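Read off the chains here:
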Amino acid sequence: MTFDKSDISGWVLLAALMPIIIHMLNRLRYKTVHWAAMIFLLKANKAATRRAKLKQYLLLLFRSLLILFLVWAMLRPQVGGWLGRAAGGAPEVVVIVLDRSASMEARANPDNPDSKRQRALQLIAEAAKNSKGSRFVLIENVLRDPLEMADASAIASLQMTEPTDTAADIPAMLRRALDYLGKNKVASAEVWLASDMQRSNWRDESAEWRDINSRFGGQDARFVLIDLSSPQGNNLSIGLKSAEFRPAKAAPNAVADKGTLALSIEVHNSGAPGVFPLRITRDGAASQIDLTLNSPTRREAMKFDVSKMPEGGGWGKIELPADDVLADNTMYFSYRLPVPLHAAIVSDKAVAKLFAAAAAPDKTRADRTAEVLPPARAADIKWKEAALIVWQAGVPSEPVAKKLQEFVEGGGVLLAFPTGGDAGNGPLGITWGTAENQKDPFRVTIWDELDGPLAHTDNGASLPLARLEAVRRQVPSMGSDSAHVYATFADGRPFLTGLHVGAGYVLACATSPEPEWSTLGDGFVLLPMVQRLLVMGGTRLAPPANAVAGEWKPSDQETWISLETDRRHDPRWHAGVYKYNGRLIALNRPEAEDVPDTLNTGEMLPKLLPNAKTKASRGEQESEIWPIMVVATMIFMCLEMMLAMSKSLLPAKPKPRVPVPGAGATENKKTEVGV
Amino acid sequence: MDFLDHGIVGRLSRLQLAVRTPMLGSVTGLHRSATRGASVEFAEYRKYAPGDDIKFLDWRVFARTDKYFIREFEADTNLRCYLVVDTSGSMRYTSSPDGGTRFDYARRLAGTLAHLLVHQGDAVGLTLFSEKATDLPARHTASHLRQLYQLLANAKPQGESNIVQTLHDFAERIRSRALVIVVSDLFCEVPELLDAIKHLRFYKHDVAIFHLLDRQEFDFDFTRPVRFVDMESGADLITDPTVVREAYREAVNEYLTTLRHGCTQFRIDYRFTYLDQSFEGALTEFLIQRIRQARKGGR
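Residue numbers (the working numbering), protein chains in the order written: chain Z, 78 to 752; chain S, 459 to 757.
Keep in mind the hints are simulated off the structure, nothing from the lab.
Bear in mind the structure is a predicted one, so any value in this text is a computation, not a measurement.
Ideal placement from N, C-alpha and C gives every residue a C-beta, glycine not left out.
There's no promise every hint is true.
[As the list claims (entries may be wrong)] Listed next, the in silico EDC-like pairs over lysine to aspartate or glutamate satisfying Cα-Cα at most 16 Å (straight line): (1) K123/Z with E708/S; (2) K318/Z with E593/Z; (3) K656/Z with E388/Z; (4) K684/Z with E388/Z; (5) K516/Z with D457/Z; (6) K120/Z with D524/S; (7) K120/Z with E712/S; (8) K120/Z with E530/S; (9) K108/Z with D524/S; (10) K260/Z with E285/Z; (11) K262/Z with E343/Z; (12) K480/Z with E462/Z; (13) K335/Z with D382/Z; (14) K656/S with D679/S; (15) K590/S with D562/S; (16) K335/Z with E377/Z; (17) K656/Z with D360/Z; (18) K335/Z with E225/Z; (19) K318/Z with E377/Z; (20) K656/S with D677/S; (21) K123/Z with D694/S; (22) K120/Z with D627/S; (23) K525/S with D510/S; (24) K108/Z with D679/S.
[As the list claims (entries may be wrong)] Simulated restraints on C-beta separations: (25) E712/S with M714/Z: 21 to 27 Å; (26) E589/S with M714/Z: 52 to 58 Å; (27) E712/S with I99/Z: 49 to 55 Å.
[Stated by the list, open to error] Computed far set for chain S versus chain Z, every beta-carbon distance over 12 Å: (28) P508; (29) D556; (30) P595; (31) C646; (32) A693; (33) D694; (34) P699.
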């Protein structure tokens, strides 16, 4: 049996004990009477105690049970089994919110080969049999479209409940469920959410929960969580960090069709350390290498020589040996010739040439070009070709600002540098602080080495940011809480900060490569940073070759065909390599699905949905049985009343005869006597 | 004496305290004697025996039957009455905060009866008992009455009651016929009490009992838990009266039924009296009923 409010069991017990406590207190509150007829009292105490005490105990029992059942009824108890089926009333609508993300393919428990998703479907089908009068609506995590079901007990056979390699957005799914209930004006409803409590799917820090909570509070909908979280077992998973084709040096102004394929993969191992074979299949050729895993996570950079780029691009996959969770053992990749990347430098300073050199260090290569424009000619930027815009100027004019906004939202990258002087505004909402000078240079102490423009190199070497010295800085602010700080100075002020805008990025650096500002111009940091941002911005110029399943959505007019035919693949939610019209794309599971980070149900529900009528369940679906509790309360009330009003528990004895005063033993009849 | 109401005594003086059985008094009095005497009331005929005084021969009977018969007449004698009053601790009880205790009632009863008895020429004695008994022999003088009043006035109810032993001792000590009036709450085992009464009856005493009970002692209508402290022994008992009330009333009822039955069996004049009952009324009824019973010849 579970309760809507399970943390007050102590108070329930106290309430049930109240009659006994009152009885004991009443016994203590006696008065003292000096009594003569003790001979009768002692006899009565012996004789009456057995019968009367039994009656007293029964009364106390009935009163305690009465209160206990009344409090139970108020706590909305829920039970499964025959009692739950017999007592539970079916709501008008049951919205099934199904998390079928990649992490739901882990085993529900070590002894059962069924996945968490399959277990969830079994529980839902079982519970649906007890709610025959209800209408069932399914909302799953990929399409999030409400789907009315004729027969919820056959939910496992629906295509919409098949396994996926996607992530789930639980708040978005719940919002859709509430939208559906609000739109259809449902009188009574239940929302059954089946999830493995993956933190990345729940996004428990999101502000959306406040809205969801208030909407649950305003609707007569009960929230039932089917908790499928389980301890992480021994599992190996593999994920793709990046796949990049680097063409070999070719003739001037040409892009070579041979070069190197650079893969960056990440392997997670939650079991014992060891050596594991990696099976690599690339363009139809298979090979195998051994990978030593001594830590839970290992990032590995791989390079493959590509003698000739296949037509339309190449693809492949890397597989780990089979374990309990098969879905996360394979990673797909695809690659193709890179598009030429163009950088626009907007600056009227001499350092502009340094930026141009960092963006296109080899002028003979056709795949990297750069042009320098003074701020007055910023409107002349080649907007369609540019992947990166380096901005070291004041506030752009309104038309240029509008163009910049479109550029970034379309996937381009804007990197801004300070110009010196007083505090003021920069492009796209960047605000510069007052310029600070210091003889003892500012030093960068912390930076993001895993992701972003300052991540370590393919062979694992860190960028030499610690050697960077800045004697002058102008700290930028992005004006948004969601800005990400890539590196900070020793005093905690940001060195490089960035903000995701649309499909692109806006970044601002606190110092300039000019010699009077810093040693950034030495190039050890500036060159890789600019090159990486150039590649990031290049995604706007060509469709991606690698994407995350579920996040990448093919248009309705395109028919993407899986290059693997061993199992059913749907580009909307399955990982794999797909081809359409000579174009390749490799889809993989979201990275966060491989991270074993789950929420605690007991702490999470009261925190996220304090206003909702919530219930967490780990087993079978349960029904409310408060009506039974109310009936039981009434029965105990009647029993208590009958017992309290009865003269005796046993068949009543004749009522004692009240003695007549003055009655003589020899004659009781009164006689008139004349005196 | 505070316990003597002269108004009541005056009104009751018109009545006499009669006995139901013939007495064996030392002087002439109001009561029927067990022996034949010289009163005007004819008793019976018996055959003449040598030595009889011939002045009692009935000549008319001799003339009709030619046989000698002696005419005998009833003798009138005085009465010895003993008042046996309980002075144990339980006699202090009263449920009324401003009312008199059981002992007050008993003292008024004994004092008034003593006054009536002395003024009708009978001797009256007094026995006060709790654990031990204090006796005052029976006399019929006014000075003796004052002594009796003084004894009653000085008595203080305390200690445990030993009524059974007191009555046994009394029966052994006073063997000549007498009227014995017991005034008590009779809180003891009924079979033992009846044994003691039987002992008194064995010596042909006319026994009357005033059984004094407070109405609360029968009703037992306490509502809250009470710590009952025994007025005689000081022992206490905490109980819920609502739980034991029924059994208590059953115990009282059984006790009274047994006591009544025993008193009827041994021809005891048993008077059940509530403390809130009119003292004068109770005593008047007692005296009238005794007069009626005496007229019927003690039946």
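Hints, verified against the model:
no., hint, result
1, K123/Z with E708/S, "holds, 12 Å"
2, K318/Z with E593/Z, "violated, 37 Å"
3, K656/Z with E388/Z, "holds, 12 Å"
4, K684/Z with E388/Z, "violated, 54 Å"
5, K516/Z with D457/Z, "violated, 39 Å"
6, K120/Z with D524/S, "violated, 71 Å"
7, K120/Z with E712/S, "holds, 11 Å"
8, K120/Z with E530/S, "violated, 57 Å"
9, K108/Z with D524/S, "violated, 85 Å"
10, K260/Z with E285/Z, "violated, 19 Å"
11, K262/Z with E343/Z, "violated, 48 Å"
12, K480/Z with E462/Z, "holds, 13 Å"
13, K335/Z with D382/Z, "holds, 8 Å"
14, K656/S with D679/S, "violated, 35 Å"
15, K590/S with D562/S, "violated, 20 Å"
16, K335/Z with E377/Z, "violated, 23 Å"
17, K656/Z with D360/Z, "holds, 14 Å"
18, K335/Z with E225/Z, "violated, 53 Å"
19, K318/Z with E377/Z, "holds, 9 Å"
20, K656/S with D677/S, "violated, 30 Å"
21, K123/Z with D694/S, "holds, 15 Å"
22, K120/Z with D627/S, "violated, 28 Å"
23, K525/S with D510/S, "holds, 14 Å"
24, K108/Z with D679/S, "holds, 14 Å"
25, E712/S with M714/Z: 21 to 27 Å, "violated, 37 Å"
26, E589/S with M714/Z: 52 to 58 Å, "holds, 55 Å"
27, E712/S with I99/Z: 49 to 55 Å, "violated, 34 Å"
28, P508, "holds, 43 Å"
29, D556, "holds, 16 Å"
30, P595, "holds, 28 Å"
31, C646, "violated, 7 Å"
32, A693, "violated, 7 Å"
33, D694, "violated, 8 Å"
34, P699, "violated, 9 Å"
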